[in-house]
Each structure stands twice: as structure tokens, then as C-alpha cells.
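Asks: Residue numbers (this note's numbering), protein chains in the order written: chain A, 1 to 294; chain B, 1 to 154; chain C, 1 to 665; chain D, 1 to 197.
Hints are computed from structural coordinates only; laboratory data are not their basis.
Where hints are given, some of them may not hold.
Claimed, not checked - The list that follows gives simulated cross-link-like pairs (lysine-lysine, DSSO-like), each with its CA atoms no further than 27 Å apart:
| id | chain 1 | residue 1 | chain 2 | residue 2 |
| --- | --- | --- | --- | --- |
| 1 | A | 108 | D | 171 |
| 2 | C | 278 | C | 311 |
| 3 | A | 154 | A | 250 |
| 4 | D | 90 | C | 359 |
| 5 | C | 311 | A | 221 |
| 6 | C | 148 | C | 189 |
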Amino acid sequence: MNHLYYPGCSLKSTGRAYEESLLAVCATLGVGLTELQDWNCCGATSYMAIDEVKAFALAARNLALAEEQGKVGPGTPTVDLVAPCAACYLVLAKAQHCLEENKEVGGKITAALAAAQLQYTGRVVMRHPLDLFTNALGLDAIKAQVTKPLTGLKVACYYGCQIVRPYATFDDQYHPMTMDHLVTALGGTPVDWPLKTRCCGGSLTGTVQEVGLRMSYHLLKEARKRGADVLLTACPLCQFNLECYQDPMKALFPDHEPLPVLYFTQLMGLALGLERARLGLQRLFVPFRQPVGV
Amino acid sequence: MSDTPAFEPRIVAFFCNWCTYTAADLAGTARLTYAPNVRVVRIMCSGRLDPQFVVTALRQGADGVLIGGCHPGDCHYQEGNYKMLRRFHLLKRMLKQFGIDDQRVRLEWISASEGDKVQRVINEMVAQVRDLGPLALVGKPTPHPDASEKHAAA
Amino acid sequence: MSETMQSAEPRVGVYVCHCGINIAAKVDIAAVVEFAKTLPYVIVVRDYKFMCSDPGQELLQQDIKELGLNRIVVASCSPLMHEATFRHATEAAGLNQFYFQMANIREHVSWVTADKALATRKSQALVSAAVRRVVLNEPLEHQKVPVKPNVLVVGGGIAGIHAALTLANAGKQVTLVEREPTIGGHMAKFDKTFPTLDCAACILTPKMSMVRSHPNITMLTYAEVVGVEGYVGNFTVKVKKKARYVHEELCVGCNECVEACVYKEGRFTDTFNEGLSKRKPVYMPFPQATPSVVLIDPESCIELKTGKCKKQCATACTRNAIDFTMTDEIVALEVGAIIIATGFQTFDATRIPQYGYGKFPNVYTSLEVERLVNASGPTGGEVQLRDGSTPKRVGIIHCVGSRDEKTNRHCSRVCCMYSLKLAHLIHERTDAEVYNLYIDMRTPGKGYEEFYDKLLKEGVNFIRGRAAEVTDWTVTPEEEGKLVIRAEDTLIGVVRRIPVDMVVLSVGLEAHADADEVRRLFNISCSKEGWFLERHPKLAPVSTFTDGIFIAGACQGPKDIPDTVAQAGAAVAEALALVDRGFVELEPNTAFITKELCSGCHTCIAMCPFSAIRYNKEAGVAEINPALCKGCGTCVAACPSGAAQQHLFTDEQIFQEIEGVLNYV
Amino acid sequence: MDEITRTVKYEADTDPHFAEEIAGIARGETLRACIQCGNCSGACPVSPYMDYTPRRIIAMTRAGFKREALSSTTIWLCASCYNCTVECPKQIRITDVMYALKQKAIKERLYPKRFPVAVLAREFSAAVRQFGRNSELWLIIYLYLKTNPFAMLKQSILGLRLFLQGRMGLKRERIPMGTGKKGDLQTIWNALDRADR
């Protein structure tokens with residue numbers, strides 16, 4: 001299996017461990033990821049506040065690059081583009097929808113791409129790694145490679161907003177289960193909790209901190225209350241908000257108790273028996289010390 | 001008023017009494033505005049549609065023909081729409097041989113409750129035929145100059 | 001040219017209707033009048049404000065008499081609306097009514113066209129077509145066919161019950177077919193009815209037993225219509241009676257068999273109680289079931305599934321009513337009219353996952369709560385949670401599966417009122433704090449607003465806002481162990497979290513899942529949502545596009561009980577008008593064969609779905625039996641020689657119409 | 001607050017074209033279908049902090065209360081979680097309406113002063129415009145410099161930790177710009193700017 005890979009800006013900095021663990025896990029599972037060359041920022045939520053057409057154009061350039069580097073075009077099959085960041089995943093998918101639905105915006109963007117000798121013909125399939133692992137690769141294939149099962153580990157799977165909304169394609173919008181099933185396949189125990197898709201605060205943690213912190217605090221508190229030993233995320237911003245702000249959180253909410261927050265790929269790596277350093281676990285603010293595979 | 005009036009297609013529609021004609025009435029009751037280029041001829045069943053009607057309409061100056069019948073399985077007369085469908089395929093093939101673009105003749109199943117579909121289909125078809133331009137047949141009557149002016153003015 | 005045309009020179013009168021401003025605002029009437037004057041054979045053209053009014057009709061009648069008109073064209077609304085009106089007017093003036101032709105310049109022009117000039121042009125085209133066509137019209141006579149006197153009512157809810165009883169009281173023989181093993185429908189499940197709070201059973205069960213005992217009513221329960229043939233006044237209907245495994249005429253409803261069943265306790269979902277209790281494989285649907293006859297469910301009965309049961313039920317029955325060899329049975333009926341009253345289904349609340357139905361045990365549907373508050377329900381009328389405790393705080397969420405683009409767009413019309421009723425009953429029985437979360441309070445009925453007023457004064461809480469979610473995520477100590485409803489109180493403009501013990505989802509009404517199959521069976525139409533379509537929303541609310549088939553109750557659209565009963569009465573009146581008249585006049589648009597042109601190729605014979613065409617060997621031509629012909633014209637379109645033609649729709653008439661619509665230039 | 005203010009809204013103070021304009025940018029043609037049920041506000045995780053609930057923003061937009069809608073904190077608190085959009089019974093793309101209002105507010109310079117979200121959006125897009133990618137460290141530095149330089153001191157501990165854990169570098173992420181070669185982002189920007197004019 002070979003796929004194009006769109007890391008996005010965060011996976012090169014705050015979300016470095018996500019990239020490290022994803023690449024390590026994929027290498028172990030035999031999933032080939034080729035980084036899209038010359039990719040640009042997807043535009044995230046911020047560019048959309050400035051100019052819609054330009055925001056979509058940013059996304060569309062990546063889609064066009066993917067078609068070019070994936071060697072697809074009219075009359076050929078599609079190419080998978082794997083985007084681990086939830087915001088990138090959504091923005092790229094949203095751009096696809098907009099190009100298809102809205103002739104006016106689509107026309108402007110097509111013209112702008114053409115100026116740079118690019119074109120997008122609708123042959124990119126956006127995939128989140130969760131989709132890739134559970135649907136393309138299959139849980140059985142993963143299960144077969146587990147060497148250190150997560151026996152006894154209680155995991156709160158947190159999906160966040162943007163991989164299930166508004167374009168839930170690979171999982172249920174209200175009760176997503178792909179990550180839960182993955183955790184079960186790794187030998188762990190997912191906990192049933194109600195805030196799986198409730199927003200972590202997004203960029204508010206950086207801008208209107210008291211609001212962002214409270215949103216993240218509630219998520220962690222409820223996960224703890226439901227007995228979770230660790231919380232898993234599938235998005236660099238969620239992970240950053242939930243993990244890196246636990247100190248200021250404690251200052252604001254004295255009853256806060258620290259909870260390790262990992263990328264789901266990090267926990268996958270542990271179950272597959274990979275070294276902690278290859279998975280970026282040393283970069284955690286709230287260390288994950290629980291032994292696995294015992 | 002311009003020298004070259006914009007082309008406005010003329011389309012004859014054959015709607016069955018029970019479904020599509022009723023749907024067109026419903027579109028009216030619901031005040032769904034649509035292009036005025038289509039003129040409806042009511043027949044009891046789409047099964048009544050003689051291919052000659054289509055040919056005659058095109059020869060008499062229509063740029064397109066729209067046929068509306070009940071959805072498959074819904075025919076008031078059990079299967080008139082199926083029987084027409086068979087004829088319709090033959091007709092399309094024949095028209096193609098005459099060099100008539102098959103987008104000019106369209107068949108739609110529209111049930112009595114689908115007033116909105118009448119609106120959509122008519123608007124789509126008028127736009128499509130407008131793009132195709134006038135149907136140029138030898139001996140086809142040309143529109144009265146007065147009409148073109150009025151169309152252009154509108 | 002046909003013979004009729006030669007017999008008398010056509011003299012056409014054209015009448016353009018303003019329809020108040022409905023047409024006149026979008027169509028330049030004067031321009032249409034002037035245009036019509038230029039058309040061949042036209043003697044007179046007039047316009048009038050309302051052609052369908054008496055003075056309007058007199059206008060054309062006077063012209064027929066004074067100007068010797070022999071063809072009439074009215075340009076007004078759809079022929080489906082007023083063709084009959086003008087035909088009668090024409091006939092009353094001494095002219096054959098089929099010398100009349102209509103041009104639809106309202107529904108097809110003024111109401112759908114934005115531009116006045118173009119609308120005028122389109123009207124002119126349609127008038128031109130009608131004039132060209134009417135010249136070729138021929139005098140025809142309606143064909144009279146006798147009507148069978150009996151009536152079929154489909155559906156045994158309150159609509160069907162009321163219809164059957166009224167017809168039976170008028171002396172008609174009625175067959176009432178009900179899919180469930182008992183009649184009563186949804187109403188039988190309710191405890192009280194709004195706004196009077198009279199007990200549903202007290203007003204319904206007497207009617208149910210009257211249905212059973214009425215000499216003019218044949219009740220077929222646990223039965224479904226599987227085939228309908230024929231036409232207005234003459235329907236042949238096939239009904240499948242599903243095997244009950246109990247002989248109805250023998251069972252006296254003593255329930256001894258139920259007692260004796262090898263299952264000591266109920267183990268299977270009791271659908272009448274909305275799954276809130278369990279029943280045995282042999283069961284009585286509910287104590288007042290009509291007929292009072294048990295049945296055996298083949299899905300759960302050991303004997304029927306494996307043939308290895310002790311059959312204690314059969315042994316216990318002193319009348320030997322139980323028969324495991326019973327099979328489905330087909331009953332054929334001959335009826336003149338059919339009333340369809342198949343009702344509705346309630347919205348499946350699991351389709352809105354954020355309300356937690358099916359996930360949180362104490363989230364109920366309103367129909368479940370109807371059973372909970374019902375004295376003969378699973379809890380004997382006690383409002384209890386799943387664990388048997390009494391709720392202290394209850395939230396009622398309105399519009400569940402209504403007014404929502406993702407589920408049903410329509411307002412279900414009854415939910416506001418039944419939610420108020422349930423709020424009252426719950427408050428009264430438990431003293432609980434009750435919250436109603438509504439979008440808009442809709443109480444437009446006799447005594448309805450007064451009922452709302454009463455509830456407000458009773459201290460029930462009202463929050464204007466659509467509940468966003470029901471969650472077990474708790475934040476504050478008072479929320480602990482409760483379900484929390486999150487919603488904006490839109491009148492205050494803040495988001496509230498309401499902790500409750502019980503959530504009631506006021507589920508909307510929707511068309512039955514199999515509405516599409518049912519409507520096909522009866523050859524009627526339904527809306528996209530599955531509601532059966534009335535012939536006209538205002539003027540023919542219980543008629544359908546198929547003559548002789550009428551609709552009543554919620555199968556046509558959401559309705560409360562008073563409206564349902566009123567509509568059932570209206571459907572009965574229509575059916576009686578048909579049946580008591582004794583005959584119907586069929587539209588004479590039948591096909592016919594011109595012998596001289598027929599080559600005897602048999603093409604038409606295969607086309608006819610009604611076997612109306614036969615080959616006359618001696619003459620070597622096809623012949624059409626007008627009594628069997630329904631007038632679709634499919635054979636006419638197929639005839640290679642033009643020998644087959646259709647009255648009112650001859651090739652020549654249609655060609656003229658085509659030329660007419662194109663000749664508007 | 002002892003001050004009493006008069007709140008009547010004169011028709012002349014409303015902008016009759018505002019709804020249309022916003023519906024146009026937002027692909028929010030359904031904006032007018034709002035039945036004010038408040039589901040959006042109930043579903044919104046941030047609504048408790050907003051000065052107007054999302055429902056009220058829709059109502060104000062529809063009624064032409066331009067100044068109020070554009071200067072509200074609501075639009076800047078929207079975290080783009082799409083819950084409102086997904087839940088709206090009238091399928092109004094509320095998140096996109098919020099984006100449209102943000103765009104309009106920035107254009108009209110009506111957003112609340114020193115409200116960092118608006119600044120973030122501006123700084124973010126400027127960086128992406130210039131470098132093609134976004135470097136989180138630089139973004140944060142600009143953000144605090146432009147809004148609240150003192151708050152940066154508090155954040156410096158976090159920044160330092162991120163730096164030490166290798167989660168934030170001083171290196172600017174960038175792609176080649178203005179090469180004029182196939183796929184050049186600068187060429188695309190230029191084409192879009194031309195189209196705008």
C-alpha cells in the first residue's frame with residue numbers, strides 16, 4: 001500500500017511526535033507514506049476568516065500537487081492523500097466539496113491554478129490515518145502484529161470535531177468508533193464517555209485562554225471520571241491543548257488531576273513493540289509511564 | 001432592442017394527465033417560477049405519445065420536446081409509461097440519424113407531488129436547448145420577427 | 001377533416017378569465033383577447049373577472065344561444081379544476097359538452113412566469129392551441145356504468161372505525177380491513193385525549209364494540225389488502241387474512257390458553273405496550289381488543305417454529321379454537337367505493353442520536369409515556385422510571401422528527417398538544433417538575449389555547465428552544481446521576497442545562513414506511529414524504545386522483561382526533577354520493593378502430609393492459625370494447641396505420657394543438 | 001452599571017442588504033430559513049462565553065443589525081467545530097456564516113479591539129501568504145506582540161518547554177515562493193489578486 005502524505009504545519013513542530021509515531025507505525029505495518037513535495041499550509045480555520053476563495057485556493061493547490069505527484073488525472077483511478085491533522089483533513093475535504101458544488105468559486109480557483117500550470121480534476125481521496133488503519137489496512141492486520149497488548153489499559157478515545165464534522169465519511173458523526181475498535185484490537189479497553197466529539201477549544205486556548213482552558217479541562221475531567229488511564233487524540237491541536245496546558249489548567253481549576261494525552265499512533269507504536277523514542281514519547285509534558293504488554 | 005435577438009428556444013411538452021400534468025398544476029399552486037418557453041400538451045397517458053408527435057413538433061418549429069410521465073410502476077394505466085419508453089429509445093436513435101442532438105428530446109418521470117421537479121427539469125432543459133441553439137431543419141418555420149423582438153426585450 | 005366538421009361550420013367563442021388578479025396581474029388580458037380575435041373560426045372573444053362564477057357561465061351560455069356558437073374555449077385555470085364546471089355550462093346551453101376546450105393560463109402560466117410579456121405570449125399560444133383543437137372536437141356521450149353498492153374501508157383506527165360505522169348506519173354493507181389483530185389504532189393506546197382530557201378508552205371502546213356487533217359490518221382483522229382491480233364503482237379487492245392459528249368464530253377470549261402456555265412469563269416484546277412489557281407467543285393484544293380473540297405469533301411459538309411443544313394452550317381451550325395447521329387465506333370482495341384510512345407511524349427516535357433514545361434507559365418516546373400514564377398500561381398508570389422509581393424532574397422535548405430538514409420537514413401538528421397533555425398528566429400523577437422544550441407553541445384548535453393557558457398556570461415550565469442534546473455528562477453536583485438537557489432558552493438568550501430524571505421525546509407523525517407500496521396497490525399518489533395525495537387540497541380533500549377511492553385521517557397528513565373523525569365523515573359522504581347514485585359516467589375518451597384502415601396486424605392487442613381489444617377473425621380487424629377501455633391511448637400510439645384513434649385525443653386534435661402552441665408567433 | 005441606555009433600533013440604522021451580502025459569501029443561502037430554535041446555541045460548546053448566542057447572530061444578520069453582528073465577540077469565539085452546522089434543523093451552514101462575518105468584520109475593521117482571534121487570523125494569513133507555510137513559534141510571537149506583550153511573559157515558560165522538548169523550532173517553515181515555475185504559490189496568489197481587481 002502506498003499513499004501520499006500531507007503532514008501540515010503542526011506535524012513539523014508542536015505535533016512532531018504525531019509525525020514520528022505515524023511514520024514509525026506505518027513502516028512497521030508496511031504502509032508506505034510518501035510526503036507530498038512542496039506542500040503548502042492548508043489555510044486552517046484562520047484563513048477562512050480572511051478570504052474564502054484564497055483559503056480554498058491554498059487547499060486546492062495541495063490537491064492539484066497530489067494529483068500530479070500521484071500521477072492521476074482524467075480517466076485514471078484516484079490517489080489517497082493522508083492528512084493526520086484534523087484541521088488539514090477537514091479543510092482539504094471542504095475545499096473538495098466547494099469545488100464540486102460551487103461553480104463560481106471553483107471557476108476562480110481553477111483559473112488561478114492554471115496560471116501556475118496546475119489543475120485539479122477531483123481524483124484525490126482524503127484519508128485520515130484512522131480511516132487508513134481501520135478501513136484500508138484492516139484491524140486484523142494490525143492485531144496480528146501486536147507484540148505488547150495493552151491489557152488492562154483504559155483508554156478514552158477523543159475524536160474531536162473536525163474529522164467527524166461536517167463531512168463524516170469514515171465514521172459515525174455522533175458515536176464514532178474507529179479509534180475505539182483500534183484500541184480493542186491493540187488489547188486495550190476503550191471507556192464509554194460522552195465527550196468524544198466535543199470541541200477541545202481549538203485555537204481559543206491560545207487566544208482567549210480562559211475559555212479554551214475550561215473546555216479542555218472538562219474533557220480531561222470527564223475522561224478521568226469514566227476511569228481512563230490515558231486519553232488518545234487524532235489531531236495535533238487537540239493534543240497540544242489537552243496536554244501542554246495542564247499546568248495553567250491546574251492553576252485555574254485546583255481539582256484538576258494530570259492525565260497523559262497521547263496520539264493514537266503513539267499508543268499503537270507501543271503495542272506494536274516500538275521503542276518509546278521512535279514514537280516521540282519523550283516529548284510529552286505529562287509523561288505516560290504505564291507499562292504496556294505485561 | 002439589439003440587432004441580434006438572443007435565442008429563446010421553443011419547447012413542446014407532452015405531459016400525462018395523472019402525474020406530470022398534475023405536478024405542473026402543483027408547481028403553479030406553489031408559485032414555483034420557471035422559464036416560459038415550454039408549452040404543455042396534455043395527453044391521458046405517456047403511452048399515448050406517438051413518435052409522430054415529437055417529429056411534428058420539431059418540424060413545426062420546436063427546438064426541443066419534453067415528455068413527462070408517471071414513475072415506473074406508477075402508471076395510472078398500469079404500464080403505458082413502459083410502452084412509451086420502448087418507443088422513446090427507438091425515436092431517439094432515429095433522431096440521431098437525422099442529426100438531431102438527443103439532448104433536444106428529454107423524458108422525465110415526474111409524479112403528481114413533484115411540482116419542484118417540473119420547475120427544475122424545465123429550467124434545466126431550457127438552458128440546455130438554449131446552449132444548443134435553434135434546431136435548424138429544412139423548411140422549418142421561422143419565428144415571427146415580432147416575437148423575437150419581444151423575447152429580446154424581455 | 002372529419003365529418004362533424006363538415007356538418008356545421010365551426011363558430012368558436014373564446015372566454016378569457018381574469019381569475020380576480022390571479023391571471024390578470026401576470027397576463028395582459030386585452031392582448032390575449034385581441035390575439036384570439038385573429039384566430040380562425042372565432043366569432044366572439046370576451047374576458048371576465050371570474051368565468052367560473054354564475055355570471056361568467058351565463059356569458060358563454062348566452063352567446064351559444066344568441067350568436068349560435070358551437071365551440072367554446074375558456075382560458076382560465078387547470079382543466080383538473082374547472083373543466084367539469086364549463087362542460088356543464090356548455091351542455092346547459094344546449095350544446096354537447098365535448099364541444100368545449102380549456103386553456104390552462106393560470107397554473108401553467110400566470111402562477112409560474114415571472115415576466116408579464118412572456119406570460120402573455122404563452123397564454124396566447126395556449127389559447128391558439130385550444131381554438132385549433134376545439135374545431136375538431138366531436139359530440140360525445142358519457143358512458144354510464146352501474147356502481148356496486150358495497151364499500152371497503154382500509155384501516156381500523158379511529159378514522160376507519162368512524163367511517164365504517166357511519167356507512168353501516170346508512171345501510172351500506174361495509175368491510176373493514178385492519179392489518180393488526182385488533183382494531184383501535186393509535187387511539188386505543190392513549191389514556192386521555194386533549195384538550196378535554198376525556199378518557200380515550202371511554203369514547204373509543206364503545207365504537208369498537210359497535211363495529212364488531214353491527215350487522216352491516218364485516219371486520220377482517222390481521223388482514224391486508226393485496227390486490228385491487230377494476231375502476232370507480234366496480235372494484236375487485238383481494239384481502240389476505242393472515243393465519244392467527246386460532247379460529248375467530250370459536251374463540252371467546254377467555255385467555256385460558258394464554259394462562260396454559262408453556263412460557264410461564266411473557267418473554268416477547270409487547271408491541272401494544274410499545275415494548276414496555278412482555279407477552280407470550282399466544283396472546284390477547286390488549287384487554288379491550290376487538291375482536292376479543294387471541295392469536296399465536298409464529299415467530300415465537302415453539303410449536304410453530306419446531307413442532308415440538310406440549311401444546312398446553314390447545315389442550316386448555318375447551319372450544320378447540322386453536323389450530324396449528326391454519327394458513328393464510330385470500331378473500332375476494334366486490335365494492336363500489338374504497339376509503340383508505342391507514343393512519344401514520346411515529347418517528348423512530350433513534351434517528352436523532354443526540355437525544356440518546358435507546359442509549360439512556362430513561363429517555364422515552366411520547367407513545368411509550370402514553371402507555372405509562374394509561375391505567376391499563378404496563379404500570380397500571382403509574383409514571384415510573386425503568387427502575388420503578390418515580391421521576392422528580394421530567395423534560396419533554398418537542399419537535400422530535402418534525403420541522404427538521406434532516407428527518408421530516410413538516411410540523412406534525414399534534415405534538416404540542418399531546419406534549420401539553422402529557423405534561424399535565426405527569427405533573428398531576430407525580431408532582432414532578434416538568435419542563436417543555438418547544439420551538440413554537442402551536443395550539444390552533446377549539447379549546448387548545450385555553451389548555452395551554454391552564455398548563456402555564458399549573459406551573460409547568462416552558463423553555464422556548466430546541467433541545468440540542470441529552471447527555472449523561474454532568475458538571476455540577478445537582479446534575480449528578482441525572483440526564484442533562486442542553487438547550488438555549490431563546491427568550492432569555494442563554495444556554496441552559498436542565499437536569500432531569502426522565503426525558504420524553506415528542507416524536508412526530510410520519511407516513512407509514514410502506515406507504516409507497518400501499519398507494520401503488522390502490523393506484524393513488526402520495527407526496528414525497530409518503531402522505532396520500534388528495535385531489536385538491538381545499539376543494540377535494542378526501543378524493544384522490546383515482547375516482548371511487550377516498551382517503552381519511554392521518555394517512556393524508558398529520559391530524560388530531562377531531563380532524564380525523566371529521567375527515568372520515570367527509571370521506572363517507574363522498575362514498576355515499578357515489579354508491580347511492582347507482583351509476584357513474586365514464587369519460588368518453590375511449591379508443592376506437594376505423595375498420596377501413598385496420599390491417600389486422602395485432603399490434604394494438606398486445607398494447608392493451610385491460611384486454612379491451614380483440615381480433616375479429618371474420619372481419620380481419622381489431623375491435624375495441626368501450627366498456628373495458630380505460631382511455632390511455634397506448635394502442636393508438638402504437639397503431640401503424642392510424643386506424644386506432646382516441647376520442648377527445650385524436651391524432652389530428654393533437655397535431656392541431658402542437659401547431660397551436662408553436663404558432664404563438 | 002448605573003447607566004441607563006436607550007436601545008430602540010430605528011429602521012434607518014439597519015442595513016437592508018447585510019443579510020444578502022453575508023449569505024452570498026457564506027454559501028449560506030439558507031440563512032433566511034432560520035426559525036430561531038436555538039439549536040445552534042445549545043449545541044455550541046463556546047456559546048456560554050459569547051455576548052450574543054449564535055442564534056441571535058443569525059437573527060441580527062437577517063435583520064440587518066450589521067454593526068452589532070460584526071462587533072460581537074461571538075464570531076471570534078467560534079472555534080469552527082461545526083456542531084451547529086451539523087445540527088441545524090434548517091441546514092444553515094452556521095460555521096460558514098461565522099466565517100463570512102469574520103471576513104466582513106476584518107474588512108470593515110469592526111472587530112473588538114485587541115481581540116486576539118482577529119489578530120491571529122490576520123497574522124496567520126500574512127505568514128502563509130509570505131512563506132506558504134506557518135511556523136507556530138513565530139505566529140505566537142507576533143500574536144502577543146500585537147495584542148498583549150505582557151501576556152507573553154506568562155507564555156514564555158510554555159514556549160521554552162516546547163522548545164526544549166523539540167516541539168517548537170526557531171526555523172521558519174517555508175516553501176520556495178515566486179519561482180515562476182510550475183506550481184508556484186506566488187503565481188497563484190497573483191492570479192487571485194488579479195481576479196479580485
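Asks: For each hint, tell me whether it holds in the structure or not.
Replies: Hint check:
Distance restraint check for residue 108 of chain A and residue 171 of chain D: the Cα-Cα separation of roughly 34 Å exceeds the 27 Å cut-off, and the hinted pair is therefore not satisfied. A C-alpha spacing of about 20 Å is found between residue 278 of chain C and residue 311 of chain C, which places the hinted pair at or below 27 Å, so the restraint holds. A C-alpha spacing of about 23 Å is found between residue 154 of chain A and residue 250 of chain A, which places the hinted pair at or below 27 Å, so the restraint holds. Distance restraint check for residue 90 of chain D and residue 359 of chain C: the Cα-Cα separation of roughly 26 Å lies within the 27 Å cut-off, and the hinted pair is therefore satisfied.
As the CA atoms of residue 311 of chain C and residue 221 of chain A are separated by approximately 58 Å, the hinted pair breaks the 27 Å bound. Distance restraint check for residue 148 of chain C and residue 189 of chain C: the Cα-Cα separation of roughly 36 Å exceeds the 27 Å cut-off, and the hinted pair is therefore not satisfied.
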